[in-house]
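2 protein chains.
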Amino acid sequence: MRSMEEIPSPGRRMAMLLAVAAPGLLAVAAHAQSDPLPSWNEGPAKQAIVSFVKETTTPGSPRFVPEPERIVTFDQDGTLWVEKPIYSQVIYCLDRVPAVVRAKPELANVEPFKTVLSGDREAIARLPMEELEKILVATLTGMSVEEFRAEATKWLDTARDPRWKRPYTELTYLPMQEVLKYLRANGFKTYIVTGGGQDFVRIYAERVYGIPPEQVVGTAGVTKYGYDKDGKPILTKEPKLLLNDDKAGKPEGIHLMIGRRPVAAFGNSGGDREMLEYTKAGGGARLAMIVLHDDAVREYAYGPAQGLPDSKVGTFSQSLYDDARKSDWTVISMKNDWKRVFAFD
Amino acid sequence: MRSMEEIPSPGRRMAMLLAVAAPGLLAVAAHAQSDPLPSWNEGPAKQAIVSFVKETTTPGSPRFVPEPERIVTFDQDGTLWVEKPIYSQVIYCLDRVPAVVRAKPELANVEPFKTVLSGDREAIARLPMEELEKILVATLTGMSVEEFRAEATKWLDTARDPRWKRPYTELTYLPMQEVLKYLRANGFKTYIVTGGGQDFVRIYAERVYGIPPEQVVGTAGVTKYGYDKDGKPILTKEPKLLLNDDKAGKPEGIHLMIGRRPVAAFGNSGGDREMLEYTKAGGGARLAMIVLHDDAVREYAYGPAQGLPDSKVGTFSQSLYDDARKSDWTVISMKNDWKRVFAFD
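Heads up: the protein sequence lines correspond to chains A and B, in order. For the first sequence, the positions run 9 to 353 when this note's numbering is used. For the second sequence, the positions run 9 to 353 when this note's numbering is used.
Treat the hints as calculated values from the structure; they're not laboratory data. Treat the hints with caution; some may be incorrect.
Treat identical chains as interchangeable: a pair holds within one or across any two.
[Stated by the list, open to error] Cut-off 30 Å, straight-line C-alpha distance, at most; resulting in silico cross-link-like pairs (BS3-like, lysine-lysine):
no., residue 1, residue 2
1, Lys122, Lys240
2, Lys189, Lys347
3, Lys197, Lys62
4, Lys189, Lys248
5, Lys248, Lys142
Chain A extracted, bound-state conformation (with noise of 0.2 Å):
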């Protein structure tokens, strides 16, 4: 005879069958129990986190908020993942030029394939932003959307940080990773509000984040509907921009691709002051957050705290700062707020 143990009773098996068909009812519940944020230290901006997430949920308080319209967007580069010393995407174009070359071999003489062929990396840096955007043209735009997804993806494999030598896609902050599963398993949908291209963030953001394609709101191109030579139909990516989704580009983005005001907002520049300026200013429950680059050791250093002028600290200047104080935006300090920065630390 078996023991009790063994055999199933209508109520294991009933707890079994929970357990196969409903994981996220018991992510729920586990987090309810443990520190949902371990790679935070306590003080201000876990609190504020905790806090908003408690009030907003809990049936009954005066700053609930249903279901649906729990919303909450993330800026990707230098927010959920590093930004320096130089955007990932913009590498990834660096990266494709000697293709763009191959295949059209009278670029090799013209400005600035020329330069960034030289493979001298100052010369490079020292690129003016129109000449970068033919870059960004040559290699992002020209061919079908499932052409540059193939293309992308083989090189988030195989292309590796200068400083970790990982993958960019392991370079995401782990506290951040705490807080979107932390939301999610509240009832919030997370979205990523980027800058950066929404055809490329969305290769990766399902991986990475948990984040699926259609909650990636991204600078985005015209794309065109047409046929390849066998009548088979093609989306192709044209030079044309449609949503620069940057500053006062995001909550337009934002209106256009989710149609709802945010609860909540986290940014790291200049480039999200609209975005934490349109969440905060709807009624009840907010939450606007930004996250202040403050160790050189285990990341990077320039924010304002480090006492260089705003022209000097990139995008994230003084007046951000200030604006931060001013408008009740909570400041993250990766050096005092996380104890851990990455997983693989």
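Assemble the complex: chain A is given as a structure, and chain B must be docked to it using the hints.
Relative to chain A, chain B alone:
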């Protein structure tokens, strides 16, 4: 002593918890036992839907589709609700003209506003497209997205269709409402992809179809981020087209807003041809369906089945019908396939 029936065993407690916590799960189980499409007559159209759902959701089926890829798109006007005698959004715009003229009295003697104010229905119906566009621009742009939402909501609550004397939002097809629910109960994400105005449809789509704003893709204009006189952020609807979500614009809009190719699509007109084509051209299980309006008694008849020349049948032409046959799209005959047309029948 209470009977066994009254004492909640651990198993019963779990079952009760499950009933409270996971209604979606139970809904799926219930669906499996009853007819999910009671307003459909037995026939090839109903069969196509049921077979598609079974083969794409049965684990181990050669045509199984993982849940994140279960994207289905529906045209709205003529596919989910009545589009005759004129699109309801156009009626909204015409109804708004008196208010526009009150705000700008100089328009009273300017065409096409003068004709609309005259109330002469035949003259209004004869207005050429470029004149009608002036009405759309004057009534759909120049205000904040919140002001537009408030006005359109008020109109939707009070306006009545001339034939059925009911709110437009009640003129949805019951059989299609069943398809939406049946698909969602089986893990499909349902989207509206409409040539109509995205901001307009988003106002009622959640209430009417259970489709949230972020799952409505429609014709969209530019919005401009700015500040009102109190310094509060606002988005203003600009008279500039961003996405013409009709014909080739439908797959383009799907790529922009969803980023995945649908596995099933439903339409009813030439404006849906490219969406059906694009959907069908993907690999694996695919379903493409078009609604044929052939029921003058219960709704309207304006399809090719009426033996009218293409120029007289409106949007569903003989060539579209021929395409459907050639491309293995399933035609839904309102007359033969639908037991009931409206919930109020």
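Going down the list of hints, with the structure as the test:
With identical chains, the CA atoms of Lys122 and Lys240 are never at most 30 Å apart, being 36 Å at best within one copy and 48 Å at best between copies. For a Cα distance limit of 30 Å, the shortest separation of Lys189 from Lys347 inside one copy, 17 Å, qualifies, whereas the shortest one across copies, 45 Å, does not. For a Cα distance limit of 30 Å, the shortest separation of Lys197 from Lys62 qualifies both inside one copy, at 16 Å, and across copies, at 28 Å. With identical chains, the CA atoms of Lys189 and Lys248 are never at most 30 Å apart, being 35 Å at best within one copy and 38 Å at best between copies.
When the C-alpha separation of Lys248 and Lys142 is checked against a cutoff of 30 Å, the pair qualifies both within a copy, at 12 Å, and between copies, at 27 Å.
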